[in-house]
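Residue numbers (numbering that gives the first Met the number 0), protein chains in the order written: chain A, 0 to 170; chain B, 0 to 98.
Just so you know, the hints here were simulated from the structure itself, not pulled from any lab data. All of these numbers come straight from a predicted model, not from anything done at the bench. Please note that a few of the clues may not be correct.
[What the hints assert, rightly or not] Taking lysine-lysine and the PhoX-like style, the derived pairs with C-alpha atoms no more than 25 Å apart in a straight line are:
id : chain 1 : residue 1 : chain 2 : residue 2
1  : A       : K167      : B       : K84
2  : B       : K96       : A       : K169
3  : A       : K85       : A       : K23
4  : A       : K169      : B       : K84
5  : B       : K84       : A       : K85
6  : B       : K96       : A       : K85
[As the list claims (entries may be wrong)] Some chain B residues close to chain A (C-beta under 8 Å, calculated; not the full set):
id : residue
7  : A10
8  : V33
9  : M36
10 : V40
11 : L42
12 : G52
13 : G54
14 : V62
15 : M92
Glycine included, C-beta positions come from ideal geometry on N, C-alpha and C.
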Amino acid sequence: MTLTVFWIFGVIAMGSGLLCITRKNPIASALWLVVTLFALAALFVLLDAQFIAVLQVLVYAGAIMVLFLFVIMLLNLGRPGPTDIKGPLGLLGATVLAGALLLLLRPLGQAPLPAEIQLPPGTVAALQQQRGMVGAVATPLFDTYLVPFEIASVLLLTAIVGAVVLAKRKL
Amino acid sequence: MLLSPALAISAVLFTLGVAGVLLRRNAIVIFMCVELMLNAVNLTFVALAQSLGLGGQVFVFFVMAVAAAEAAVGLAIILAVYRHKQSVSLQNMNLLKDG
């Protein structure tokens with residue numbers, strides 16, 4: 000049952016991803032990407048990552064995609080015009096290279112996980128039961144990964160300042 | 000066990016992102032394809048976190064933070080380029096090209 004639902008959302012994600020890269024209109028592309036992001040959030044829920052799924056909807060489908068749509072509207076790119084998709088040669092090249100990449104990526108997914116790095120079955124579920132969905136992620140975030148977390152805050156500050164400097168005509 | 004289908008879907012989504020980058024000329028659409036690739040990697044992290052520990056889910060946080068920073072700065076660059084060239088097509092961005 001779970002596997003069926005998983006595949007349904009997986010097919011939605013892959014199908015809307017394909018539509019996203021093939022639509023001529025950038026706004027249609029962006030909206031199909033939103034569908035992909037929502038389907039991915041559903042996959043995260045099925046993979047026992049409820050908190051990540053909420054973040055996916057809030058940050059990705061909410062904030063980042065609104066930023067994209069805002070820039071598309073600001074530059075008035077939604078109007079009909081010549082397509083930006085490359086011709087038959089470009090399509091052939093992209094298909095061949097993407098197919099080669101998929102052939103390279105598939106064996107990685109099928110390789111068995113080494114037993115020595117695997118946790119005993121049920122460890123993660125027990126941790127989530129004990130600390131709650133948010134607490135189970137927050138504990139390593141503020142413990143083992145505290146320094147990367149602080150660096151991420153500096154990165155975001157740099158991005159804010161950088162975006163203002165780049166987008167402003169005159170400081 | 001959902002690990003194997005998750006990795007398969009993730010591989011396909013990453014490939015779609017790469018194909019989109021190769022196929023399109025619109026800088027904003029290429030940017031969205033990069034976001035698609037980042038999301039495919041996030042799916043891998045979350046799927047592997049089930050059996051390898053919650054560090055994978057923590058890493059998705061960092062990927063999201065980097066993606067947000069990248070989107071803000073990248074779209075600002077696209078706005079600045081548009082102001083100079085009146086276009087976001089990568090065909091017109093050939094200042095460094097010889098002749």
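Query raised in the report: Going through the earlier hints one by one, which of them does the structure break, listed in rising order?
Result: Hints 2, 8, 9, 10, 14, 15 not satisfied by this model.
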